[in-house]
Amino acid sequence: MNKHTTTRAKITATAVVLLALLAAGCGVETPEPVELTYVQPTGEAIFSNYVAIGNSLTAGFMDGGLVMNGQVNSYPQLIASALGYPAGSFMQPLIAMPGIGSTTLVDANYAAGVLHSDGAGIAVVDSTLRTDIPSTLLLTARWPVAYQNLGVPGATLSDGLNATSSANSQSPGNSYFDFVLRNSVFGGVVMCDQAASLEPTLVTCWLGNNDALGGAMSGEPVLGVNVTPPAAFAVMYEALLDRITDKVFARTGFEPVIITANVPDIASTPYFMPKATFRAMAGLPGPDTLPDANLFGEADVVYVRFPTLSYLSPPINGSLPIPEEYTLDIAETAVVQDAVTGFNAAIATAVDERDHVHLYDAHAALAALTPGQATHFLALVGSGLPPASAAATTYFSLDGIHPNNRGYGYVANGFIATINEALDASIPSIDLAGLTWDPTYGVPMNEKAAAGLSPEAARAMDAIFR
Amino acid sequence: MTRTRAAILFAGAATLLLAGPAAAGGFNIYEAGARATALGGAFTATADDGSAIFYNPAGLAFLDGMALDLNLMPVIPSSEFTGALRPDGSYATGKTVDQSFPIPGAYWYRNTGDLTFGIGLSAPFGLGVEWADPEAWVGRRASYDVDLATVYVTPALSWKVEETVGIAFGLDIAHADIQLNKRSATLFGANPENDPNVDVLDASIEGTSRINVTPMMGLMIKASPKVTFGVMYHHQKKMEVRNGKLTLTNVAPAALTATVDAQIAALGGAEHDGVADLKLPHILAVGVAYQATEKARVEFDAVHFGWGYFDELVLDFEGVALDQTIREDYEDVLQLRFGAQYQVTPKLLAMAGYVRDESPQPVGSMSPLLPDASRNDYSFGLQLRATERVTLTGTYMGVNFEERSNVENGVQQSFETEFNPAGSYDSYAHIFGVGIGYRF
Numbered sequence: 072m073n074k075h076t077t078t079r080a081k082i083t084a085t086a087v088v089l090l091a092l093l094a095a096g097c098g099v100e101t102p103e104p105v106e107l108t109y110v111q112p113t114g115e116a117i118f119s120n121y122v123a124i125g126n127s128l129t130a131g132f133m134d135g136g137l138v139m140n141g142q143v144n145s146y147p148q149l150i151a152s153a154l155g156y157p158a159g160s161f162m163q164p165l166i167a168m169p170g171i172g173s174t175t176l177v178d179a180n181y182a183a184g185v186l187h188s189d190g191a192g193i194a195v196v197d198s199t200l201r202t203d204i205p206s207t208l209l210l211t212a213r214w215p216v217a218y219q220n221l222g223v224p225g226a227t228l229s230d231g232l233n234a235t236s237s238a239n240s241q242s243p244g245n246s247y248f249d250f251v252l253r254n255s256v257f258g259g260v261v262m263c264d265q266a267a268s269l270e271p272t273l274v275t276c277w278l279g280n281n282d283a284l285g286g287a288m289s290g291e292p293v294l295g296v297n298v299t300p301p302a303a304f305a306v307m308y309e310a311l312l313d314r315i316t317d318k319v320f321a322r323t324g325f326e327p328v329i330i331t332a333n334v335p336d337i338a339s340t341p342y343f344m345p346k347a348t349f350r351a352m353a354g355l356p357g358p359d360t361l362p363d364a365n366l367f368g369e370a371d372v373v374y375v376r377f378p379t380l381s382y383l384s385p386p387i388n389g390s391l392p393i394p395e396e397y398t399l400d401i402a403e404t405a406v407v408q409d410a411v412t413g414f415n416a417a418i419a420t421a422v423d424e425r426d427h428v429h430l431y432d433a434h435a436a437l438a439a440l441t442p443g444q445a446t447h448f449l450a451l452v453g454s455g456l457p458p459a460s461a462a463a464t465t466y467f468s469l470d471g472i473h474p475n476n477r478g479y480g481y482v483a484n485g486f487i488a489t490i491n492e493a494l495d496a497s498i499p500s501i502d503l504a505g506l507t508w509d510p511t512y513g514v515p516m517n518e519k520a521a522a523g524l525s526p527e528a529a530r531a532m533d534a535i536f537r
Numbered sequence: 031m032t033r034t035r036a037a038i039l040f041a042g043a044a045t046l047l048l049a050g051p052a053a054a055g056g057f058n059i060y061e062a063g064a065r066a067t068a069l070g071g072a073f074t075a076t077a078d079d080g081s082a083i084f085y086n087p088a089g090l091a092f093l094d095g096m097a098l099d100l101n102l103m104p105v106i107p108s109s110e111f112t113g114a115l116r117p118d119g120s121y122a123t124g125k126t127v128d129q130s131f132p133i134p135g136a137y138w139y140r141n142t143g144d145l146t147f148g149i150g151l152s153a154p155f156g157l158g159v160e161w162a163d164p165e166a167w168v169g170r171r172a173s174y175d176v177d178l179a180t181v182y183v184t185p186a187l188s189w190k191v192e193e194t195v196g197i198a199f200g201l202d203i204a205h206a207d208i209q210l211n212k213r214s215a216t217l218f219g220a221n222p223e224n225d226p227n228v229d230v231l232d233a234s235i236e237g238t239s240r241i242n243v244t245p246m247m248g249l250m251i252k253a254s255p256k257v258t259f260g261v262m263y264h265h266q267k268k269m270e271v272r273n274g275k276l277t278l279t280n281v282a283p284a285a286l287t288a289t290v291d292a293q294i295a296a297l298g299g300a301e302h303d304g305v306a307d308l309k310l311p312h313i314l315a316v317g318v319a320y321q322a323t324e325k326a327r328v329e330f331d332a333v334h335f336g337w338g339y340f341d342e343l344v345l346d347f348e349g350v351a352l353d354q355t356i357r358e359d360y361e362d363v364l365q366l367r368f369g370a371q372y373q374v375t376p377k378l379l380a381m382a383g384y385v386r387d388e389s390p391q392p393v394g395s396m397s398p399l400l401p402d403a404s405r406n407d408y409s410f411g412l413q414l415r416a417t418e419r420v421t422l423t424g425t426y427m428g429v430n431f432e433e434r435s436n437v438e439n440g441v442q443q444s445f446e447t448e449f450n451p452a453g454s455y456d457s458y459a460h461i462f463g464v465g466i467g468y469r470f
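Here the protein sequences come in this chain order: A and B.
With the numbering used here applied, the first sequence has no gaps in its numbers, which climb one by one up to 537 at the end.
With the numbering used here applied, the second sequence has no gaps in its numbers, which climb one by one up to 470 at the end.
Derived from the structure by calculation, the hints contain no laboratory data.
These numbers come from a predicted model, not from an experiment.
One or more of the hints may lead you astray.
[To be verified] Here are the simulated lysine to aspartate or glutamate pairs, EDC-like style, with alpha carbons at most 20 Å apart:
1. Lys125/B - Asp163/B
2. Lys275/B - Asp207/B
3. Lys125/B - Glu100/A
4. Lys256/B - Glu324/B
5. Lys125/B - Glu103/A
6. Lys309/B - Glu270/B
[To be verified] For the chain A half of the interface with chain B, some residues (derived, Cβ under 8 Å), not all of them:
7. Gly98
8. Val99
9. Thr101
10. Glu103
11. Leu107
12. Tyr109
13. Tyr181
14. Ser255
15. Val256
16. Gly324
17. Ala347
18. Arg350
[Stated by the list, open to error] Incomplete in silico selection of chain B near chain A, CB under 8 Å:
19. Ile106
20. Ser108
21. Thr112
22. Leu115
23. Asp118
24. Gly158
25. Asp232
26. Ala285
27. Thr289
28. Gly440
29. Ala452
In this text, a Cβ means the ideal position worked out from N, Cα and C, and glycines have one as well.
Between the sequences and the hints, there should be enough to build the whole structure, so can you do that?
Pasting the structure below:
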């Protein structure tokens, strides 16, 4: 090897080493994250993914229970249909007949179904062995994601934020939490987080009713005990709206449009009867003959709860005066109505402060019902209306608190009108005449005997929110 | 306008199929021999060892005697993914597992006067992308593990038409083996802080193609003592997979097991037969080599890949619900290859190369299955004539992918965005080549 060759070999070797270093220096470099531009849905896209949260009113609770016949007429389902969702594409926790009511039966192994008007009065349609409920009643329990209708009967505002099961809800033992939230599957996700997990573009929210009703229906409302203090309500309400908004934004980059409804007055429901209405329905004489002091166990009664009719009827044949848990006096009524006023002020403030949240004034809407629409079926029948006409007149179901098909259609139209106005949209409203309610659930009625109220039905009403 | 989650779960099952770009992307492997690889694959006008059977069989016409060339080129790829920023400022990451794919190149030829017959075994197309931690890999619904292997057996006959011109014809007898694994996930509501998707189905697809035979050919012209031209062509192929098998496995959390079992039953069971066609592009290389001095030689090749042929992947399974057409829309590309060699000593040859390789994959079909990108390759190698009969070759090539994102101007450009995550990929591959040549 001469000198020249040696030099070339060195040059080559050097080049090879340099190339090796170059190659060794190359490799994967972790990319920097890029930014996506997130687009807020507009126009039709806002309606592409609708989710509803709420309580029994949202679930489609009707006639003292939850069953498919009512659920298919829940206001969220009616809104979804109006938005163009094909049948069956808006998922609800559908429950087969006889449904799951809230009546306590003598045999605790059975769960009562919904109420119906059976001719002898209001009675439970049928019952189901509790152990059979999952296999026979819960039709959509295998749905792999959260329901689009997340309404849980009995849920309070706090429950919407905090409850994962009946056990940690404000109504322990209320199995609707387990049927709807299904946290045995999902592992502990509260209602508002389940809603966010669906990445909704449109949310309706109707919570807060039970924060006042729980106390009102006990007959002994006490602020801070069974009525939520409005100050606490205001904090929770804003937290709920922001939590849904933030979680959806964190996952999708857009804020959902939220339509929220406020809380109606108890006076808008047939369940809370003014004294005169109660006397008429119970067939009692006027105060001249039967003074209030002899009739009621507490003074200054304003409202009489619907189950009182059952208290006075066989087989209870309760004695007078009527125990005070059946009535709301002036102070108790004020506790409830002041709370509702406070809730609605808090809701209005929360809505005003958020551009993407719009208010459906359910308080005003239900107060605007005609007397016939706001009157209980039994009262209409008692006043001489044929049952079919009575069923076609009232907007309330047999439990006196929850709307019937037409009532839910009325609510749906209220939400739709709010959406249309807020978003400059033109969603068609529901044809209420097309919604018929059959309080018999297919059982022929004995018209003469239709005005009664069986004790178990009364218990069902008492237990609606427990 | 309605968006049902059931549909998503169902679609998830469907996409799992041979799914995704089962063999998407620029999955050509041009490294068929250690010496050629050291020259950056610029070998069409040189083609002076057994690997000529792949690079230009016309080169065989100018070789003497009988020889066996055995090459093994382990490819060690790695990729990293960084997801696009989420609204909360977080982002997903992912990386592939350490893998090595030994690419074979085995060639035998025998010269008998003006005719030289050769037969070779190579693997010019292949793919292997396995992402680590498949349960958490954000792209697992597109793919978490894909393997595509091809084997070409190429008999070729080369004829020295005159002292300076050789032509050759051969047949690419090919077979492909495909495996793909994906996950189907569903929004589960759980862990809303993290990945809300929970795996419910695992889909595994396996299939082998029928034997496919297409022509290939070569031409070499020694235009002057210093200048040689070469042309090589491998015809495009449609690999027909007719025995595809899709296996769906329920991997759902216990609470969803029954739901997913019902979904599988609704799809007609856990196993499905299927067919698919995998289209491979033609390869057309044109090269010119220049013998600058007695010891120094350079070559430049332009290699045209007919990737436009790979327009879509049609997956046809029994049961309409599982059928799928995946848009690929690849484009023809031209690779530029440069190689240089220097005879350092009579026994030692030094080689180096550079490749500019434009990706045929449009940004729309870039996915976890194959995050392709344009590349710059650098290579070098040494060949030692150990004895009169034996040569030994050692090669290294670094394949440096350009970082590539499927997000442009803030918008994900993917053809499919439900399962294909938005983000950026960077990849690199080391290729080590060893070759041993024996002259009988």
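Name the hints, by number, that the structure is in violation of. Checked against the structure, the hints that fail are numbers 13, 17, 18, 19, 24, 25, while the rest are satisfied.
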